[in-house]
Amino acid sequence: MKTTPTILVIPTGIGCEIGGFAGDALPAAKLLASASGCLVTHPNVMNGGMLSEKDERIFYVEGYSLDRFARAEIGLKKVNQQKIGIIFDKNIENQILLRHLQVADACIATLGIDIASYVITDEPVGIVISDELSGLSGGYVRNPETLINAGKNLINQGITAIAIVTRFPDEIDFENVNVYREGKGIDFISGVEAVISHLISKYLKVPCAHAPALAPIDLKVNLDPRAAAEEIGYTFLPSVLIGLSAAPDLIDLPDMKNKMTLCPHEIESIVVPSGALGGEAVLACMERDLNVIAVKNVGVLNVSDKSFDYKKIFQVDNYLEAAGLLISFKEGINYKSIKRPLKSISNCTKPY
Amino acid sequence: MQSIYYELSLPEYIHAKDLRKFILSEILKKGEIIRWSIYDVVIAGNKKILKINALVLN
Chain W
1 MKTTPTILVI PTGIGCEIGG FAGDALPAAK LLASASGCLV THPNVMNGGM LSEKDERIFY
61 VEGYSLDRFA RAEIGLKKVN QQKIGIIFDK NIENQILLRH LQVADACIAT LGIDIASYVI
121 TDEPVGIVIS DELSGLSGGY VRNPETLINA GKNLINQGIT AIAIVTRFPD EIDFENVNVY
181 REGKGIDFIS GVEAVISHLI SKYLKVPCAH APALAPIDLK VNLDPRAAAE EIGYTFLPSV
241 LIGLSAAPDL IDLPDMKNKM TLCPHEIESI VVPSGALGGE AVLACMERDL NVIAVKNVGV
301 LNVSDKSFDY KKIFQVDNYL EAAGLLISFK EGINYKSIKR PLKSISNCTK PY
Chain V
1001 MQSIYYELSL PEYIHAKDLR KFILSEILKK GEIIRWSIYD VVIAGNKKIL KINALVLN
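Chains as they are written, first to last, in the numbering used here: chain W, 1 to 352; chain V, 1001 to 1058.
Extracted from the complex, chain V is given alone in its bound form (with noise of 0.2 Å):
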């Protein structure tokens, strides 16, 4: 069991309703995912950098 921290670079063009799968593509690369949340989002300029964390069996 391991947990991981992702920092996602959010696309322009991402709707909220698209978000979620846009996220579980990325984080499931690293095997199977117990618990996962966003637990911060920044702002720069026109960029979201979207952090989160996951628990994950490997």
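Next up, chain W with everything else stripped away, as it sits in the complex (with noise of 0.2 Å):
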């Protein structure tokens, strides 16, 4: 079967229309699957809070480990199913714990996954969440180590992957929160949860990904629908469950040992929003001159194709044009000959 390998990113925290919300891009990322046979993309596009699926074609891989993917540094192998193992942090309050604990348990016994154990960290993790980057996403943990110890601590039971959950402070802004919630701002959590998962990928090189714990907030009426997935239910670990079960094992290369299902040089392209071209892992991709698509998915940034000297942008439209294009490479179809006016060929021949 034809496939074009290719790697989707839709930067957490900075406010994507398509991608900025609660699991909002997870049917783009389905309809790129089937174009491309064959995509990788994080848990920002994935988790839905209570929703998310499963799709044999695609790669779960946390946004540090993708860089890394994207870099050459790692390769992916397909496993039939992760063993994961839970950090709840210490400032879970019981309550909070027993219902994300039954999510596991709801897990195993609905959906099969293997949720071996959990282990609560010794010290708060100290989530800070910050705005001193106006309209975008930030934050970091005050006690990073607490963490790793936790995760080292399931890795030597023979955990295979890692779902953390943190509690997040109750002392947020609210009129930001149901901004939101009204489909109009950004995901103000985001920017931490992704610091939190990144310690994780950086120190124990495992999957993983994040659940924010959040006290319950008031029934809203006008929700938009992409912030829906996150309001169905108690916690938002389900879809993390669900993603982390299937996601690939991370090889470090080179590696004789083990035979990879995914090598980062089958990577052909990248889909990313038109103005978020400046991550590690659409950077690295211009080092390795693959194809840049860039979808026009309106967010915060605007480090644009203008920014950069680089041949191989694609501007589109939306995640439909392209899934199209896709299309064109992994058939050999030259995206050129279906658009209009169509050029004659030139002449390139040097003078003597």
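Keep in mind that the hints were calculated from the coordinates and are not lab data.
We put the CB at the ideal spot given by N, CA and C, even for glycine.
A portion of the hints provided could be inaccurate.
Here chain W is said to cover these stretches of chain V; the calculated rule only asks that three of the stretch's residues, wherever they fall, bring their Cβ under 8 Å from a Cβ of chain W [unchecked claim]:
(1) 1015–1026
(2) 1036–1045
Derived pair list, reagent style DSS-like, types lysine-lysine, alpha-carbon separation capped at 30 Å [what the hints assert, rightly or not]:
(3) W/K54 to W/K257
(4) W/K205 to V/K1030
(5) W/K257 to W/K2
(6) W/K330 to V/K1017
Dock the two chains into a complex; use the hints.
Structural data, given as structure tokens:
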């Protein structure tokens, strides 16, 4: 079967109109997976709070590891099932913890996912949400060591993938939350979520993803459909567990022992919002002379093709058009043959 | 853990293919990098200035 292996990136916390909410880029990811036959993407694209889906053509890879894959430092190896462990932040109250443990039990009982054990961090992780860079979601954690130690504990018990649940502060700006819920703002906590999962990926090198633990909030009437997947349950953990259950193993390169399912050298294209070309995965793909498909997907960033001297950037208006382009790559059809006007070939003979 | 902001003036000769390594050579001096990206590019005349945010462990 023909494929054109592709990376899809929709950065978290930059307010993209597709992918800036609760797993609302998942349909676009499925479309691109169908068009390309093989898609590597990250939890922000796939996780819709209570909702998610598995797709055999999609490789679920956390952002830090995805950057490493784009830099050709790791390969991906499909497994039938990951053995998942969960890290819970010591700050999580008993009632909220119980809700999350019931999610884990439900995923075992109803979906057949292998969730073996959990640990509670020795110290509170200490989430700090920051908007010092106006308009972007940011922040950091006060106690990264406790998170990493908890992860090491799980790995020593034979865990192969890690879900992380940390308690986010109640003292949040509810005005911003409600703007987000109405589909107008950015997901203000997602920047710190990325930091947490990046830490685990960097230091423990296993598949991982994060779900925030939040106190319940009031029912909202004017809810944007794109944010709805985060309003229909008590936790955001189900999508993380579904994604991780079939996430690929991350294999450091070079490697002579493992048979890889997808090597970074097989990747032909990266699909990314047209204003978000300044991320490491995109720059690594430019370094490797790959196609960059820049999709009009409005967010708060404006790092566009005008910023770079790179010839293989393809501007498209939407993910439907991106899918068409990927099909043309996959089938070996010159995409220029389908566009009008069609130019004659040029003479590039050099004078002697 | 520290969030840092960097403004890098881009040399005229640099190609997009060399950009990532150029940026990293600058921000790696600050510590172990957890996350970074270019969040803005300012073009003033012939000059390009990259605005970079990085989260580092130090």
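The hints, checked one at a time:
1. 1015–1026: holds (count 8)
2. 1036–1045: holds (count 7)
3. W/K54 to W/K257: 27 Å, holds
4. W/K205 to V/K1030: 23 Å, holds
5. W/K257 to W/K2: 26 Å, holds
6. W/K330 to V/K1017: Judged against 30 Å, a Cα distance of about 24 Å means the pair holds.
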